[in-house]
Amino acid sequence: MLTGGQADLVFSDQRRDLSRNFVNLYLTSSRLVAVVARQGRQRDSRQSPQRATGSADVRELADLPVILLASDDQRSAEEDFHHSALGLTSRCIFASSREEAQLLMAANQGYLLMDEGESAQVDPQVGRALALTRQGEPLVRKYYAFWSRDNSGYYVEAFAQLLKSQFQ
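Just so you know, UniProt numbering puts 50 at position 50 of the sequence shown, and the rest follows in order with no gaps.
No lab work stands behind these hints, which were simulated from the structure alone. Errors might be hidden in some of the hints.
Below, simulated EDC-like cross-link-like pairs (lysine to aspartate or glutamate); rule was C-alpha separation at most 16 Å, straight line [stated by the list, open to error]: (1) Lys142 x Asp17; (2) Lys142 x Asp13; (3) Lys142 x Glu118; (4) Lys142 x Asp115; (5) Lys142 x Glu100; (6) Lys164 x Asp17.
What follows is a list of derived Cβ distance ranges for each label pair [as the list claims (entries may be wrong)]: (7) Ser76 x Phe159: 26 to 34 Å; (8) Val126 x Asn151: 43 to 51 Å; (9) Asp150 x Pro65: 38 to 46 Å; (10) Asn151 x Asp13: 16 to 24 Å; (11) Pro124 x Asn24: 35 to 43 Å; (12) Ser19 x Phe159: 18 to 26 Å; (13) Glu78 x Gln125: 23 to 31 Å; (14) Phe167 x Arg15: 14 to 22 Å; (15) Pro65 x Ser165: 20 to 28 Å; (16) Pro138 x Phe167: 15 to 23 Å.
This structure is a prediction, so every number in the text was calculated from the model and none was measured. Yeah, the Cβ is synthetic: ideal placement off N, Cα and C, and Gly gets one too.
All chains should be modelled from the sequences, with the hints used to inform the complete structure.
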């Protein structure tokens, strides 16, 4: 959208290395959680002490598919991003809506990947949020405002600062 001139500014999570052709204003970050079915294929806490503490490493979830929200034309890019950038090894299954994704999770078809703050929207009787880690480090999603350096000006920069103030 930015490269085609269709947008002055984009708010998005960081999907790749930051480009020098754009202003990359850091806004916030959020830890990622895996929401698993409350009554599902959960391991005994003696086998997996991290489950007892409310966290799981991506390796522990490798045999359980990850449920992702994506349109048909975005599925390949989403799968690539989650495997290469986030280091997930789980097979991906896709949902077209948040409701469909939550139903798949509740039916124990996989785990739902969410930002920590979003997980409060899941009924605690249906799903349980586990802090997601990779090799002991929390998985974090960073959010930025991006705009072209060629399109930098008062209004774009003022709007970006206003946006940033909403996350402080």
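Hints, one by one, checked against the model:
1. With a CA separation close to 12 Å, the supplied pair Lys142 and Asp17 stays within the 16 Å bound.
2. Simply put, Lys142 and Asp13 have alpha-carbon atoms about 5 Å apart, close enough for the 16 Å limit, and the pair holds.
3. This hinted pair checks out: Lys142 and Glu118 have alpha carbons roughly 15 Å apart, not beyond 16 Å.
4. Between Lys142 and Asp115, the direct Cα distance comes to roughly 10 Å. Compliance with the 16 Å bound is thereby established for this hinted pair.
5. Taking the CA atoms of Lys142 and Glu100, the gap is about 26 Å. The hint is violated against a cut of 16 Å.
6. For the proposed pair Lys164 and Asp17, the alpha carbon gap of about 20 Å is over 16 Å, so the pair is violated.
7. At roughly 32 Å, the beta carbons of Ser76 and Phe159 sit within the given window of 26 to 34 Å.
8. Separated by about 44 Å at the C-beta atoms, Val126 and Asn151 satisfy the suggested range of 43 to 51 Å.
9. Asp150 and Pro65 have their C-beta atoms about 42 Å apart, which keeps the hinted 38 to 46 Å range intact.
10. In this structure the supplied range 16 to 24 Å holds for Asn151 paired with Asp13, their Cβ-Cβ distance being about 21 Å.
11. At roughly 36 Å, the beta carbons of Pro124 and Asn24 sit within the given window of 35 to 43 Å.
12. For the pair Ser19 and Phe159, the supplied restraint of 18 to 26 Å holds, since their beta-carbon distance comes to about 20 Å.
13. Checked against the given bound of 23 to 31 Å, the beta carbons of Glu78 and Gln125, roughly 29 Å apart, stay inside it.
14. Phe167 and Arg15 have their C-beta atoms about 19 Å apart, which keeps the hinted 14 to 22 Å range intact.
15. Look at Pro65 against Ser165: about 39 Å separates their beta carbons, and that is not inside 20 to 28 Å.
16. Between Pro138 and Phe167 the Cβ separation comes to about 19 Å, which falls inside the hinted range of 15 to 23 Å.
Checked against the numbered hints given earlier, the structure breaks hints 5, 6 and 15 and satisfies all the rest.
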